[in-house]
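Asker: Numbering (the numbering used here), first residue to last: 3 to 270.
Since the hints were made in silico from the structure, they are not lab data.
Keep in mind that a hint or two might mislead.
Straight-line C-alpha distance at most 30 Å; calculated DSSO-like pairs for lysine-lysine [unchecked claim]: (1) K238 x K173; (2) K238 x K213; (3) K196 x K181; (4) K19 x K139; (5) K229 x K173; (6) K140 x K29; (7) K91 x K19; (8) K140 x K91; (9) K91 x K176; (10) K115 x K266; (11) K91 x K229; (12) K229 x K29; (13) K29 x K266; (14) K196 x K229; (15) K91 x K238; (16) K140 x K238; (17) K229 x K266; (18) K47 x K196; (19) K229 x K213; (20) K115 x K173.
Simulated restraints, written as ranges between beta carbons of each label pair [stated by the list, open to error]: (21) G92 x V22: 25 to 35 Å; (22) S265 x G223: 38 to 48 Å; (23) A100 x D147: 29 to 39 Å; (24) G138 x V22: 18 to 28 Å; (25) T66 x I231: 41 to 51 Å.
Because the structure is a prediction, the values reported are computed rather than measured.
Idealized CB from N, CA, C, for every residue including glycine.
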Amino acid sequence: MPSGNPVLDSATRKSLKAPVFNNLYEKRAWMLEHMAGVLRIFGRKGYNEGCAGHVTIVDPVDPTSYWINPVGVHFSMITVRDLVHVNAKGEAIGGSEAPFSLPGFKIHSQMHKARPEISSICHAHTFYARTFSVFGKKLEMMSQDSCLVHNNYALMADYSGVGLDEVEGDKVSKALGDKMAILLQNHGLMTVGKTVDEAGYLLILLENMCKAQLLADAAAGNSAALKHIIPDNVAKSAFDVISGPDSLYAALQPDYELEVYLSKGDFL
């Protein structure tokens, strides 16, 4: 079935799509490798901020449980062995014995329940996103890359303190709706995906968009007349061609393969 994306619909498209597994244990192993890989990529890009930031995936063997990264391990040092398997009650049931963020888990688990079609959530306090977020406004469609999220991300512009439980998860879920990402005012980014690769790439993309917006606004002196913003109908047309789970999964693979190469696969 053609994806509609001219890059993916090439002769090599199979290598750019997530594999399909008949064995759920093999799928789990693959998902954990890519989860660790995404965290490594975040670390290499400087997204670590103290103990903040969480990535979760739904366990394919037991979909009532999840995997989460530990607290206190730098993103750039994460391995598959560090990941923690947690049940629906927030109790560690496998994987690493390292501590994990229970508030982060409670927020993510509520979001997973609200969006059963997604398998991963990424959250980070990235520098440019939390800087741009203070304005409480959405990003402009300034480039073709930004069209990947045209009308597909939300803004939660009412920061009310540190979220500690399921109530915050419900609040974020309602603000997110059926979108794939959300910019949290005075806070950072959250993204979701059918693969951790998709969610991971969306977070990277939005962080880059926030950086570009801040630079463009500074260069323009906040004068909208000096910037050419992609018209809505053109942005939608581009979104229809270049976005989607397969495209976003494929977009992360160069970074993933680079991480495998640079680390000699020590996170696997």
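Asker: Tell me the numbers of any earlier hints that the structure contravenes, in ascending order.
Answerer: 4, 5, 6, 7, 8, 10, 11, 12, 14, 15, 17 and 24
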